[in-house]
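Trainee: Sequence:
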Amino acid sequence: MPDTNAPVVEFRRVGFAVGGARIISDLDLEIRRGETVVLLGESGCGKTTTLKLINRLIDPTAGEVSVEGRATVDWDAIELRRRTGYVIQEAGLFPHFTVARNVGLVPSLEGWSRAAINARVEELLRLVGLDPQRFSGRFPRELSGGQRQRVGVARALAADPPLLLLDEPFGALDPLTRAALQREFAALSRRLGKTSVFVTHDVREALSLATRVALMHAGHIVLLATPQEFLDADEPRARAYLDTLRVGDLPPNDRGDDKRASPQTP
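When we follow numbering that gives the first Met the number 0, the leftmost residue of the sequence shown carries the number 0, and every step to the right adds one.
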């Protein structure tokens, strides 16, 4: 039987370098079942590289990354990616596919029946707040930015993967749409109990969504903390981020209205 207490994702002294230039160095991180770990940091600090190491878009040049107890280099890359829902900025939808075909792509590759795919597409579109009757037959060009991101989240969930990877998925949206989708993603994460790794450079977004925040700088994690611990931290880079916020900018759970505890492993 699988060890339910084992981390879903684990980095052990992981490094990644290109042409002698180190992007990630001696990275250690465990991501537990059911939590949302947010990788926070400036552009170029290694956030997206860390994310890509999880679903084997790249392989480490030092150390080991494991998913569900198996080193990523021992996984078949396609199998691993089908077990990790992946959401990127601008959703990355296939422009010549309808919404229904985009959402149903992975289940179709997995050999699901047409009836099962149609039912799953309808279920997921409703889950992300899109009426299947209105949106199934549309193409990405016929959607707003927020609608495309909703479809991207639905597609990532389609085959019920145990792990979600999100690379600044709301970064290109206007502030009101972004805030609405952040709230909906937080509610969806709690409802589904998914394990998520979320990349952002927005500290407010990190504090709103994370069970733990991994603050990165120059390929290292300089602070790993719950949102409340982040607010209380003496780490200079954390303080620099917090200095950009006004009190009213803090999400409700970090002002003490709705404190969120880090999940307990079963």
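Since the hints were derived computationally from the structure, they do not count as laboratory data. Note that the structure is a prediction, hence the values are computed from the model and not measured. Careful, some of the hints might be misleading.
If you anchor each label on the Cβ, the simulated ranges turn out as follows [as the list claims (entries may be wrong)]:
# : residue 1 : residue 2 : range
1 : 141       : 233       : 47 to 57 angstroms
2 : 178       : 114       : 34 to 44 angstroms
3 : 141       : 183       : 16 to 26 angstroms
4 : 24        : 141       : 38 to 48 angstroms
5 : 95        : 170       : 19 to 29 angstroms
6 : 20        : 190       : 33 to 43 angstroms
7 : 112       : 190       : 24 to 34 angstroms
Using N, Cα and C, we set each Cβ at its ideal position, and we do this for glycine too.
Trainee: Does each hint fit the structure? Answer for all of them.
Mentor: Hint-by-hint comparison with the structure:
Checked against the given bound of 47 to 57 angstroms, the beta carbons of residue 141 and residue 233, roughly 50 angstroms apart, stay inside it. Between residue 178 and residue 114 the Cβ separation comes to about 37 angstroms, which falls inside the hinted range of 34 to 44 angstroms. The hinted window of 16 to 26 angstroms between residue 141 and residue 183 holds, with their beta carbons roughly 21 angstroms apart. For the pair residue 24 and residue 141, the supplied restraint of 38 to 48 angstroms holds, since their beta-carbon distance comes to about 45 angstroms.
Between residue 95 and residue 170 the beta carbons are some 25 angstroms apart, a value that agrees with the proposed interval 19 to 29 angstroms. A C-beta distance of roughly 42 angstroms is found between residue 20 and residue 190, which places it inside the suggested range of 33 to 43 angstroms. With their beta carbons about 26 angstroms apart, residue 112 and residue 190 fall inside the hinted range of 24 to 34 angstroms.
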